[in-house]
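Q: Sequence:
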Amino acid sequence: MDVICQAKSGMGKTAVFVLSTLQQVDPVPGQVAALVLCHTRELAYQICHEFERFSTYLPDIKAAVFYGGVNIKVHKELLKNECPHIVVGTPGRILALARDKDLGLKNVRHFILDECDKMLESLDMRRDVQEIFKLTPHDKQVMMFSATLSKEIRPPMEIYVDDEAKLTLHGLVQHYIKLQESEKNRKLNDLLDALDFNQVVIFVKSVSRAAELNKLLVECNFPSICIHSAMSQEERLKRYKGFKEGKQRILVATDLVGRGIDIERVNIVINYDMPDSADTYLHRVGRAGRFGTKGLAITFVSSTADSEVLNQVQSRFEVDIKELPEQIDTSTYSKTCQIDDVLDNRGGEIRKIFAHIEGWIRWHLINLSALTQYLTKNVILF
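If you read the sequence shown in my numbering, its first letter stands for residue 1, the second for the next number, and so on.
Note that these hints are calculated values from the structure, not bench results. Mixed in with the good hints there might be a few duds.
[What the hints assert, rightly or not] Under the rule of at most 35 Å between Cα atoms (straight-line distance), these lysine-lysine pairs were calculated in the DSBU-like manner:
no., residue 1, residue 2
1, Lys80, Lys134
2, Lys187, Lys241
3, Lys244, Lys62
4, Lys101, Lys76
5, Lys73, Lys247
6, Lys134, Lys73
7, Lys294, Lys215
8, Lys106, Lys134
9, Lys62, Lys247
10, Lys187, Lys215
11, Lys140, Lys106
12, Lys106, Lys73
13, Lys205, Lys238
14, Lys322, Lys187
[Said to hold, decoys possible] Here are the computed distance ranges between Cβ atoms for each label pair:
no., residue 1, residue 2, range
15, Lys247, Gln31, 37 to 45 Å
16, Cys220, Val28, 55 to 63 Å
17, Lys101, Asp190, 17 to 25 Å
18, Glu318, Gly242, 36 to 44 Å
Just so you know, even glycine gets a beta-carbon here, dropped at the ideal spot from N, CA and C.
Using the sequences plus the hints, can you model the full thing?
A: Right under this line is the structure:
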């Protein structure tokens with residue numbers, strides 16, 4: 001059965017096609033059984049990592065990722081020596097390998113598009129996807145996934161997690177701040193000082209603004225890095241991995257990071273610059289409050305155009321975004337467990353609480369030094 005799936009960011013779309021594909025693939029040496037296409041190298045890398053993670057106990061199934069920025073000879077050599085059963089990549093590189101007869105697609109049984117609307121909106125990328133599609137067998141399963149699907153690309157077969165009106169970013173507290181452009185830096189500094197966050201992503205509208213804002217934050221002694229399209233692919237992946245591993249707590253980014261990137265510890269997103277559409281807003285703020293956890297999104301509104309986009313967001317997703325109050329309750333966007341609560345408990349409950357804390361520490365890869373700092377403050381942030 002062909003599938004089109006729409007669900008808000010962080011609700012497990014990637015896991016759906018990764019697990020369903022792994023369950024169905026019958027690995028045959030030298031044959032590609034599944035092809036996953038996505039629009040950015042970072043997303044391709046992440047998806048391949050998920051296939052590798054979930055296939056730990058399926059040693060016969062191999063996955064590999066292919067994208068531009070890497071010498072194509074390296075990819076050709078990989079396909080020649082150890083052809084993967086699952087191929088993940090960007091359309092341009094996949095098409096180049098297929099045209100050169102290095103990548104055979106005649107045995108593909110699962111054709112998957114992640115963030116499909118983004119690929120189909122771009123004429124060049126759509127053309128590449130169509131050519132790749134024609135190189136695969138007619139008899140195959142097609143799966144398309146995104147958080148936002150325009151009516152133009154929705155065929156009769158649609159699977160919805162919920163209808164569009166209810167796509168309201170559950171678990172995410174959303175606020176806006178009206179201010180002048182010249183006031184943004186000061187307000188951002190105040191927010192970063194006042195808010196309790198595990199990690200925060202700050203979105204800006206251009207490469208130059210990302211670099212300048214990151215420089216300013218570093219000068220103010222904030223643990224910040226930035227990721228944008230002007231960087232080399234190797235540098236972007238290095239920074240992405242470092243942030244995902246918790247080496248920095250603040251990421252300044254363009255919309256390159258706005259789609260599909262999973263960083264579990266991010267609980268706050270700040271739109272330093274207003275996104276250009278309701279769809280982009282959804283993808284940006286979806287970086288916080290992922291996997292059903294709590295999160296906070298704050299948007300700076302500094303022009304009439306910004307206000308119009310904010311109104312579009314509220315109308316489309318039927319959500320009421322209020323102005324940020326002077327005081328915000330930490331519990332609305334961050335879950336805490338007081339150490340005193342553990343010490344005061346008696347009986348079997350104490351074992352449950354310690355098990356819960358231990359599980360959280362292991363999940364978030366907290367080292368002993370960081371844990372000591374948390375305990376000194378008598379609070380562990382979830």
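Q: Each hint should be assessed against the structure and marked as holding or not.
A: Now the hints, each set against the structure:
Proximity of Lys80 to Lys134 is assessed by CA-CA distance (about 23 Å); at most 35 Å being required, the pair is judged to hold. With a C-alpha separation of about 28 Å, the suggested pair Lys187 and Lys241 falls inside the 35 Å cut-off, and the hint holds. Of the pairs offered as hints, the one joining Lys244 and Lys62 holds, with about 24 Å between alpha carbons and a cut-off of 35 Å not exceeded. With a C-alpha separation of about 10 Å, the suggested pair Lys101 and Lys76 falls inside the 35 Å cut-off, and the hint holds.
With a CA separation close to 33 Å, the supplied pair Lys73 and Lys247 stays within the 35 Å bound. As the CA atoms of Lys134 and Lys73 are separated by approximately 24 Å, the hinted pair is consistent with the 35 Å bound. With a C-alpha separation of about 29 Å, the suggested pair Lys294 and Lys215 falls inside the 35 Å cut-off, and the hint holds. At roughly 10 Å between alpha-carbon atoms, Lys106 and Lys134 fall within 35 Å of each other, so this suggested pair holds.
Between the alpha carbons of Lys62 and Lys247 the distance comes to roughly 30 Å, so the proposed pair stays at or under 35 Å and holds. Taking the CA atoms of Lys187 and Lys215, the gap is near 16 Å; set against the 35 Å cutoff, the hint holds. Straight-line distance between C-alpha atoms of Lys140 and Lys106 comes to about 10 Å, which keeps the hinted pair within the 35 Å bound. For the hint pairing Lys106 with Lys73, the CA-to-CA distance comes to about 22 Å; that is within 35 Å, so the pair holds.
Restraint check for Lys205 and Lys238: the C-alpha separation of about 22 Å stays at or below 35 Å, so the hint holds. The suggested pairing of Lys322 with Lys187 holds, with an alpha-carbon distance near 17 Å, which does not exceed 35 Å. Range check, Lys247 to Gln31: Cβ separation about 39 Å, and the 37 to 45 Å hint holds. For the pair Cys220 and Val28, the supplied restraint of 55 to 63 Å holds, since their beta-carbon distance comes to about 56 Å.
With their beta carbons about 59 Å apart, Lys101 and Asp190 fall outside the hinted range of 17 to 25 Å. At roughly 38 Å, the beta carbons of Glu318 and Gly242 sit within the given window of 36 to 44 Å.
Violated hint for the displayed structure: number 17, the only one.
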